[in-house]
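Residue strings, one per chain:
Number of protein chains: 2
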Amino acid sequence: MKDFNYYAPTQVVFGEQSEEKVADLVKHYGGHKVLVHYGGKSAVRSGLLDKICNLLREGGLEIVLLGGVVPNPRLSKVHEGIELCRREGVDFLLAVGGGSVIDSAKAIAYGVPYAGEVWDFYSGKAEAVTCLPVASVLTIPAAGSEMSEASVITNEDGDIKVGYSNDISRPKFAIMNPRRTFTLPPYQTAAGVTDMMMHTMERYFTHDTDMTFTDALAEAVLRTMKDCVFAVLKDPEDYRNRAQIMWGGSIAHNGLTGCGVEEDWSTHSLEHELSAMFDVTHGAGLAAIWPSWARYVYKEEISRFVQFAVNVMDVPNDFSDPEGTALRGIEAIEHFYHAIGMPINIHELLGREITEEEIREMARKCSHDGAIRIGGFKRLAREDMEAIYRMAK
Amino acid sequence: MKDFNYYAPTQVVFGEQSEEKVADLVKHYGGHKVLVHYGGKSAVRSGLLDKICNLLREGGLEIVLLGGVVPNPRLSKVHEGIELCRREGVDFLLAVGGGSVIDSAKAIAYGVPYAGEVWDFYSGKAEAVTCLPVASVLTIPAAGSEMSEASVITNEDGDIKVGYSNDISRPKFAIMNPRRTFTLPPYQTAAGVTDMMMHTMERYFTHDTDMTFTDALAEAVLRTMKDCVFAVLKDPEDYRNRAQIMWGGSIAHNGLTGCGVEEDWSTHSLEHELSAMFDVTHGAGLAAIWPSWARYVYKEEISRFVQFAVNVMDVPNDFSDPEGTALRGIEAIEHFYHAIGMPINIHELLGREITEEEIREMARKCSHDGAIRIGGFKRLAREDMEAIYRMAK
Chain G
1129 MKDFNYYAPT
1139 QVVFGEQSEE
1149 KVADLVKHYG
1159 GHKVLVHYGG
1169 KSAVRSGLLD
1179 KICNLLREGG
1189 LEIVLLGGVV
1199 PNPRLSKVHE
1209 GIELCRREGV
1219 DFLLAVGGGS
1229 VIDSAKAIAY
1239 GVPYAGEVWD
1249 FYSGKAEAVT
1259 CLPVASVLTI
1269 PAAGSEMSEA
1279 SVITNEDGDI
1289 KVGYSNDISR
1299 PKFAIMNPRR
1309 TFTLPPYQTA
1319 AGVTDMMMHT
1329 MERYFTHDTD
1339 MTFTDALAEA
1349 VLRTMKDCVF
1359 AVLKDPEDYR
1369 NRAQIMWGGS
1379 IAHNGLTGCG
1389 VEEDWSTHSL
1399 EHELSAMFDV
1409 THGAGLAAIW
1419 PSWARYVYKE
1429 EISRFVQFAV
1439 NVMDVPNDFS
1449 DPEGTALRGI
1459 EAIEHFYHAI
1469 GMPINIHELL
1479 GREITEEEIR
1489 EMARKCSHDG
1499 AIRIGGFKRL
1509 AREDMEAIYR
1519 MAK
Chain E
1129 MKDFNYYAPT
1139 QVVFGEQSEE
1149 KVADLVKHYG
1159 GHKVLVHYGG
1169 KSAVRSGLLD
1179 KICNLLREGG
1189 LEIVLLGGVV
1199 PNPRLSKVHE
1209 GIELCRREGV
1219 DFLLAVGGGS
1229 VIDSAKAIAY
1239 GVPYAGEVWD
1249 FYSGKAEAVT
1259 CLPVASVLTI
1269 PAAGSEMSEA
1279 SVITNEDGDI
1289 KVGYSNDISR
1299 PKFAIMNPRR
1309 TFTLPPYQTA
1319 AGVTDMMMHT
1329 MERYFTHDTD
1339 MTFTDALAEA
1349 VLRTMKDCVF
1359 AVLKDPEDYR
1369 NRAQIMWGGS
1379 IAHNGLTGCG
1389 VEEDWSTHSL
1399 EHELSAMFDV
1409 THGAGLAAIW
1419 PSWARYVYKE
1429 EISRFVQFAV
1439 NVMDVPNDFS
1449 DPEGTALRGI
1459 EAIEHFYHAI
1469 GMPINIHELL
1479 GREITEEEIR
1489 EMARKCSHDG
1499 AIRIGGFKRL
1509 AREDMEAIYR
1519 MAK
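Here the protein sequences line up with chains G and E, keeping their order. In this text, residue positions in the first sequence follow the working numbering: the first is 1129, and each later residue adds one. In this text, residue positions in the second sequence follow the working numbering: the first is 1129, and each later residue adds one.
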């Protein structure tokens, strides 16, 4: 068991009436002039953006708008946001959208008070010591960024997609109205659930097997999400199950399911190269990688994969054959991914196999030219990364 | 499902090395002059109090000491603390101990900046709008006060024990070193686990049965705590299981296991009268009340008690006899309470039956002379309270 630090200060305001509280919340957390940051069409079309802006204005707040954040959010948009906030004297960032918009807002929040180039934080050159307050009106449950300290930005100059984590960027509040997720298409819904489950799976596969309470909480997250996704794919307006998923996305990634254990995160690192190169949906990319990662590493601690198979995937435990049970757990999640419309390898994801050249290029970038290893469950060197991409191709 | 607000900003610093960080944490959260608040012998004898005071002094902080907090903490001690803090210009309250010490610290924190009488908040006459920052070095996992917004104070003038909840008193940080719980006697250990499980059970028994994710998290808490207590009763120095219990006590009461559901809290209200009148250990008092409460109310929604029996108490589900399954769940927790040395009724708790006069007096106070009802699962009037005390006597 590892010593740990758990810090999830974000105030979650959840439910059908939650949006009404936005102006009071911004003021409670010290905002006067708000950058309302958003993506594209859906926030406009649904009327959510107008509603939020009106509520903020009626609450006596000044607002500045910045839209156009894309999935795998770009550094250029972050730069645009930093300049705009400085010019307008913005003191609060409100992201209206999903993980990409929140991540973009976090990067802007770091950048505004920083004299240097914001990419310094993401490239590991500097640590942020202060940032503007960030909060969100969540519309896509998936990334968990609404309660997390993490953000991931893509630098178009070199297709480099990297994350930076710092507690100071944990959002002040998150408004979550499950009705806002009714219009999410099936593919985005399934990819979102895949992403949130993976946030907990990256923590669950560990050699710190003595933290039984963390395991039980993680299994509660995984089992519930796995169950609820079918209901919302069948009926997109199933409030009850949309709500479980929306709340599950936050809990899956606010740190709770990793307390006391060494975490892994290889699948995320391997996927980041995939989406940097091919601009795929992050959750779908994770589904395309994970089964190959699992088959590459399961022998490091078979009992852990048995526990996953039995406690999460409902595979009957063949006590005489732990390895068989472990492998059936990996097969079971492949069946689950297919059942919700997710790929289980890269050619299902892209519609073609990747080439040896692409494999080597992704492993090169993921390993920083061989300089770093990734993963906690099994430390992966560049050649391991290549092997996994090859298994997954 | 209810709309909900989840807010648990306390930074948890957990593990064997956690105490070393105390001075940095106090300074990070704005403290300069610290009231170190504690109970009695054990914090002194174990050397913890000295260690914490030395670390604070070495960190450049001034300290003022106030010990002598007793279980079911008293208003007179709170008054003493308020005067001391004002006189000394204290700006931060550090509780070293368990729930009683933390609750006493919260009450002092409300009182220092308040011009009126601090009891106003507990008697419902006023709402606190500001308070000094509070934090803790936890030594007894049970009350969950280290992450909660609640505190319970006993006014000796009339033996009135009441709670007051306000988010502003949520502790800034909680230092948790499981080793500090090795010396807890078996009775205190078992009563602590009973208390933490009850914090989640008060939320679990609800008619909002559509919040399956909250259920799954609650069941994870209950199953893990139920399992771990046997290990630590057998071996008090079992770090692994002491750790699960310590962390479980916080999660059981930080709000997570009640998201989206109407909560009950009758058993706590009924027990408060019991410990106000007889000064018993809170957890043991809860065990003495709950089975009778359960048998009095289970018909309000039998399926909920079936779920508890099957998912928490491992009772085989007799699908043809839900009522039988529900009742076997209640029996199963009685067996569990006996197995860990807890009472299952009031005469086991006190060594004698309570009188009709005592029953009527407790119900009178619990119902505010018949003016209020308690409970969410079943609304209990004064005569219901009497009936439950009578069943439990």
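Read the hints as simulated data drawn from the structure, not as lab findings. Any given hint might turn out to be false.
One copy or two, either will do: identical chains are not told apart, so a pair holds if it fits within one copy or between any two.
Derived pair list, reagent style BS3-like, types lysine-lysine, alpha-carbon separation capped at 25 Å [what the hints assert, rightly or not]:
#1 Lys1253 - Lys1354
#2 Lys1354 - Lys1155
#3 Lys1506 - Lys1169
#4 Lys1506 - Lys1155
#5 Lys1354 - Lys1161
#6 Lys1179 - Lys1253
#7 Lys1427 - Lys1130
#8 Lys1149 - Lys1130
#9 Lys1179 - Lys1130
#10 Lys1149 - Lys1493
#11 Lys1130 - Lys1362
#12 Lys1427 - Lys1521
#13 Lys1149 - Lys1362
#14 Lys1130 - Lys1354
#15 Lys1362 - Lys1521
#16 Lys1253 - Lys1493
#17 Lys1493 - Lys1362
#18 Lys1161 - Lys1179
#19 Lys1506 - Lys1161
#20 Lys1179 - Lys1521
If any of the earlier hints don't hold here, list their numbers in rising order.
-> Of the numbered hints given earlier, those the structure breaks are 1, 2, 3, 4, 5, 6, 10, 13, 15, 17, 19, 20, listed in rising order.
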